[in-house]
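*Asks:* If you want the building blocks of each chain, they are given just below.
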Amino acid sequence: MNIQSCVEVRNEWDIVKARQSGRNIAKELGFGTVDQARITTAISELARNIYLYAGSGEVAIERVENGGKFGLKIEASDSGPGIKDIRKVMEDGFTTSGGLGAGLPGVKRLMDEFTIDSKENEGTVITSIKWLR
Amino acid sequence: MDDRDLQYQKYKAILENYLEEQSEQTLYKGQQFSRKMIEQKISPEEAVSLHVSVLEELFPDIPEPLKNSYDFLLEMMIGYGFAYREHQSLRSRQQQLESEIEIAANMQQTLLAGDKPEVPNLDIGAISKPAQKMSGDYYHFVQDENDCVSVAIADVIGKGIPAALCMSMIKYTMDSAPEQRMQPGAVLENLNRVVEQNVDPNMFITMFYGLYDPRVHSFYYAGAGHEPGFFYDAEKDEFEELFTKGLVLGVSKKTSYQEYQRVLNGNDMVIMLSDGVTECRSTNGFIERDEIVALIRKYIHLSAQEIVEEVYRELERLQEFELRDDFTLVILRREV
Chain A
874 MNIQSCVEVR
884 NEWDIVKARQ
894 SGRNIAKELG
904 FGTVDQARIT
914 TAISELARNI
924 YLYAGSGEVA
934 IERVENGGKF
944 GLKIEASDSG
954 PGIKDIRKVM
964 EDGFTTSGGL
974 GAGLPGVKRL
984 MDEFTIDSKE
994 NEGTVITSIK
1004 WLR
Chain B
17 MDDRDLQYQK
27 YKAILENYLE
37 EQSEQTLYKG
47 QQFSRKMIEQ
57 KISPEEAVSL
67 HVSVLEELFP
77 DIPEPLKNSY
87 DFLLEMMIGY
97 GFAYREHQSL
107 RSRQQQLESE
117 IEIAANMQQT
127 LLAGDKPEVP
137 NLDIGAISKP
147 AQKMSGDYYH
157 FVQDENDCVS
167 VAIADVIGKG
177 IPAALCMSMI
187 KYTMDSAPEQ
197 RMQPGAVLEN
207 LNRVVEQNVD
217 PNMFITMFYG
227 LYDPRVHSFY
237 YAGAGHEPGF
247 FYDAEKDEFE
257 ELFTKGLVLG
267 VSKKTSYQEY
277 QRVLNGNDMV
287 IMLSDGVTEC
297 RSTNGFIERD
307 EIVALIRKYI
317 HLSAQEIVEE
327 VYRELERLQE
337 FELRDDFTLV
347 ILRREV
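From first to last, the protein sequence lines stand for chains A and B. Using my numbering, the first residue of the first sequence is number 874, and each one after it goes up by one. Using my numbering, the first residue of the second sequence is number 17, and each one after it goes up by one.
Excised from the complex, chain B in its bound form (with noise of 0.2 Å):
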């Protein structure tokens, strides 16, 4: 006996039963065995036309046109066949795009690894976390034989595939130009012309970049259109904000992006972050700046990776673990 008998037998089996006695126990069965059908991939027209089979033998004297509705309920039922192997090959397809994108992503996060350097007097946090597969954020540490650290913090504006991919441009442009890594103004212009030349005029970059230089105790920054940081004056126990004056990435070909300086005392902190952070939705609307500030102060008692770690989990629970934008907090603190 082939499948296709067996199923025949099974389903007329299942049938006469419930024809007997129309109890729940059957129509059970029933479910049953259309999951089983669906597992088979056996189509509604061959449904139909396999109780059709079925209802012939059991009564050979089906009035003609009882039989003949039969014919058109199974013209009826081509169309949904039509409509439901077009979804199973959709569903396939689905599938092999979302493995595609997961490699693509695992790529990412070994392109994008920014391992936080090991420096001496300096407590370094750093969180990223995409909202969708893929990230817009991007942040990049370097660390030079005099123990400075330089660190990028970039988004490009929109998210998933495309952002990702222009991500990965940043990176290398900022990896092939080491030497003006010391002047944050020059790298934000060398990188704006990149942009500016080799992307759609309708994708945008804004980025942050400082360098802070341990034998001044100094943070040089320069910023391109990206959400201002905040400093916090340990001594004073305030935050203010990081201010910087500057063009996005790629809207014009002459920028230039000017230098700013910070000299850091013990305990102060230089945070960066990307507008994912301040653009957090809760139900009551925006998340404030000052909120953030709220949230860092709560946790300053902690190392700088436990502060963006704590924030970050305040911050998707008040949006109900749902991240609507790319997420990137750094922080900088001078220990003593």
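So that you can see chain A by itself, here it is in the shape it has in the complex (with noise of 0.2 Å):
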């Protein structure tokens, strides 16, 4: 079995596709609802940051599995303007109080793993999992 997608974004109708195909896969990989929930609230969180922030960019989204562990991993990426402060990103409070309403914090306490990579003027990766359990 090897599920994956990979949708480009690059306007709000873009984030409902990402959402609905990682619920697909979600519910194909056998998550519960409210995994799935949580799930596709952090796709479009992720989806929605490349709308406002980069313009453009992609949401990948494939089967992982690691020592008999399966899991669905988000890959969000863009060639943006990228961010100067990551430490400041992934401080709670941050986004959201600034009105950007996303909160990375939030994706991350969502899924299990989070990792992030972003250099200024060239774009941002962020690769996110859940792990079925």
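Worth flagging that the hints you see were computed from the coordinates, not collected in a lab. Do not rely on the hints blindly, as some may be mistaken.
[What the hints assert, rightly or not] Estimated spans, in silico, between C-beta atoms of each pair:
no., chain 1, residue 1, chain 2, residue 2, range
1, B, L22, A, S952, 43 to 51 Å
2, B, T126, A, S952, 49 to 57 Å
3, B, P217, A, K942, 54 to 62 Å
4, B, R51, A, K942, 31 to 39 Å
5, B, S272, A, Y926, 54 to 62 Å
6, B, N214, A, D958, 25 to 33 Å
7, B, S85, A, E885, 19 to 27 Å
8, B, Q110, A, K957, 23 to 31 Å
9, B, K83, A, R1006, 18 to 26 Å
10, B, Q111, A, K961, 16 to 24 Å
11, B, P76, A, R1006, 22 to 30 Å
12, B, T126, A, S929, 51 to 59 Å
The C-beta atom is built at its ideal place from N, Cα and C for all residues, glycine as well.
Assembly of the complex is requested from the two constituent chains, each provided in isolation within its own frame, with the hints serving as guidance.
*Replies:* This is the structure:
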């Protein structure tokens, strides 16, 4: 079984598309309804960040395996302006109080694993995994 | 049975109970149960999910639209869960910050702890209370081998941590120039230079510095834009303002500070304070300097330490126990 999908994000409809494919894959992998909703929300937030701050990018979703454990991996990447101070955006209350809404720390808490890589003027790649319990 | 099953069974029992008879008692049980769920860090979406799964077991024929509506609710609750978790994480960070401030405040207390010197025939009272955890007020006594006592009172314009950090600098500067202690004007000039060079231009420090020489019963003093103190003439039974001329520290590189002198006769007092004392605000507006004088007069029969404590107590009560600014009051009285 090789489940994966990649959605290009250019407008708000694409955010819905990314959500949909994420939900389908989560369902197929056997995630419960709560986790499905969490994964979808995480995808939604990441896709929305791309749309709002980078203009365009892509959200790739795939099944991952690690020592008999299965999970769903989201990779959101863009070649936008990048994040100057990653520590700052990973601080609680920073994005939300600034009215940006997304909140990367929130996404991190919804998922099990979270890594962020960003360079100014080059872009951002965020990878996040939720494991099946 | 693991925690989740146990929770499920408990919730199911309470819900079933409630569906049978809608009693207040069951609702109360529900409230207790929700508290436990919060303790166990169950997020809002999990609570909804728990409810839905119990419902599906109790009513297997639940209509499809209703079932779908619960999925919708669950999705909505994720947002609340988002906010809930952020709140929890902010709360723990706040606790961490508070304990750090607590440690800093303790350090400051140790640092600034001005031991009141014991001087023959000089009755000393001093009190300093921060408005927040950390104080921007400072007072410090130094006693030399001739029983000369110097006293410094300073107030950083501003409160809290920045003011407190600035205060530490003042203390070290004072400690590092002991040879000037006998000349109040020179002390302030030196401090002015340090503050001007090291402190942010929009942070100001006012200061009053005085030195009592018991051999000649004289009090020498100078001030840098500080709230004027009072001089109490026991013979005339009158309070006068201890006027000083001099710029606030840190404003101008080259400033000189005029030095003044007063002779203390028996029972005369020198009263020094920070603007936290005069800027006390009661429901009737600012407290006038006259009222401070009246308060001191009211307790004048007590020891210097008792006077400052009583004055503080009364002003604290007038302000309904909410200090708006750091409060420092020092009294020296020549005993006969």
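*Asks:* Which constraints among the numbered hints does this structure fail? Numbers only, ascending.
*Replies:* none
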